[in-house]
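Order-wise, the sequence lines are chains A and W.
When you line the first sequence up against this note's numbering, it's residues 1 to 139, in that order.
When you line the second sequence up against this note's numbering, it's residues 140 to 324, in that order.
Worth double-checking, as some hints may not be accurate.
[Stated by the list, open to error] Pairwise CB distance ranges (calculated):
no.	chain 1	residue 1	chain 2	residue 2	range
1	W	Asp249	A	Ile128	40 to 46 Å
2	W	Asp179	A	Ser46	52 to 58 Å
3	A	Ile128	W	Gln263	30 to 36 Å
4	W	Thr273	A	Ile131	41 to 47 Å
5	A	Asn20	W	Ser241	18 to 24 Å
6	W	Lys319	A	Ile131	31 to 37 Å
[To be verified] A short list of chain A residues far from chain W (calculated; beta carbon distances all over 10 Å):
no.	residue
7	Thr11
8	Gln24
9	Thr32
10	Ser46
11	Val53
12	Phe74
13	Ile79
14	Ser138
15	Leu139
If you are wondering where the hints come from, they were derived from the structure by calculation, not from laboratory data.
In this text, all values refer to a predicted model and were calculated from it rather than measured experimentally.
Cβ atoms here follow ideal geometry from the backbone N, Cα and C, with glycine treated the same way.
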Amino acid sequence: MEMENFEEKLTQMTKPEVTNLKHQDMLANAITKAKDKSVNSWWWLSIPLYLIVTLLMKTIFMPQTTLRLNIHDFTSREIYSSILFFIVLPILFIVINFISIRNIYFLSGSQKSISFLRASWFNVLMIIFSILILIIYSL
Amino acid sequence: MTEIDLLNRIKNNPDDFSELFKLYYKPIFGYILRRTGNFDDTADIASDTFIKAFRHINNFSYKGISVKVWLYRIATNEVNMYFRHKQKHNSVFEKADFENKSLFNNFLHDDKRELEMELQKHDQFLQVLNGLKTLPIKYQEVISLRYFEGKDNREIVEILNINEGTLKSLLSRGLEKLRKKCNQI
């Protein structure tokens, strides 16, 4: 078949049409009623951030101590909590947010960089905070 | 009501997303059906498309592209992922919270029966679609948007976020490959 004929055939052939979808309204209702079950919340990161700020304040107001000493002190007293809040949670957040950014990238279909940043700034911020907590803890 | 008004309304009240759903679910469903040729996969991909749109509607800024183009873009990405990985979609229909699940299943069953009959009426289309599915995805998306959806160059360029030169070259090479495939059938 010649190319022009083929193009014409593609244009003119009949295609299946969707005229009526009975399930549409119920699906719309189910989607709009669905609550966001994201675990990506400031609250989770606020715990290690709060602890860091407390230790920083202690360092500032008690000049005979250092941040490193205070963290070490806290770690020896609360070994499991410190591992959970200063290592497990930040690493988990880095992974979750990287996956989230990847999803936004897929969704945006290689948008212009500013639009992409606008859509993913929260995730980037979460990653930065998580890395900061890991760095402070490893001091 | 303009798209911007609708977007603002959705930002203030997420329930208004159903308005967007009413406007675009059918055309998007049709687009996915004409790419996959399969009702079950289409229903899963279309619902995933709208769930993603619902979750990210606040990140969508009305700059340059319309909501319709954005939805086509999400649907195209979803269909491409389906073709690339033959990804099994976790059907939203099993997880979603429907007020009357049996009624919903009946509706879905009716739609399936009706659309499968509709697909069977277009034998020539199904033959071309089978040939098209054997081509790389980059050709599938441009040919489908141009010849199945009737989109012009400007719309396709916006949906796929490519430049016009690339589109023309993909269309011409894709058509040649598809023509050869169809001649073999």
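Could one say that the CB atoms of Asp179 (chain W) and Ser46 (chain A) fall in the range 52 to 58 Å?
43 Å, violated
Just want to verify: Ser138 (chain A) was marked as not at the interface with chain W; is every Cβ pair farther apart than 10 Å?
33 Å, holds
With d taken as the least Cβ-Cβ distance between Phe74 (chain A) and chain W, does d exceed 10 Å?
Holds, because the least Cβ-Cβ distance between Phe74 (chain A) and chain W comes to about 38 Å, which exceeds 10 Å.
Least C-beta distance between Val53 (chain A) and chain W, which was stated to exceed 10 Å:
30 Å, holds
Consistency of beta-carbon spacing, Ile131 (chain A) to Thr273 (chain W), with hint 41 to 47 Å
Holds: the Cβ-Cβ distance is about 46 Å, inside 41 to 47 Å.
Regarding the assertion that Gln24 (chain A) does not contact chain W, is the least Cβ-Cβ distance greater than 10 Å?
Violated, since 5 Å does not exceed 10 Å.
Minimum Cβ separation between Thr11 (chain A) and chain W greater than 10 Å?
6 Å, violated
Would you assess whether Ile79 (chain A), listed as outside the interface, keeps its beta-carbon beyond 10 Å of every beta-carbon in chain W?
Given a closest Cβ separation of 38 Å, the condition holds.
For Asn20 (chain A) and Ser241 (chain W), compare the CB-CB distance with the range 18 to 24 Å and indicate the outcome.
This hint holds: roughly 20 Å between Cβ atoms.
Do the Cβ positions of Ile128 (chain A) and Gln263 (chain W) conform to the proposed distance bound of 30 to 36 Å?
Hint violated: Cβ distance 56 Å, outside 30 to 36 Å.
A range of 40 to 46 Å was offered for this pair. Does it hold for the Cβ distance of Asp249 (chain W) and Ile128 (chain A)?
51 Å, violated
Please verify that the nearest CB of chain W lies beyond 10 Å from Thr32 (chain A)'s CB.
5 Å, violated
This entry does not satisfy hints 1, 2, 3, 6, 7, 8, 9, going by the numbered hints stated previously.
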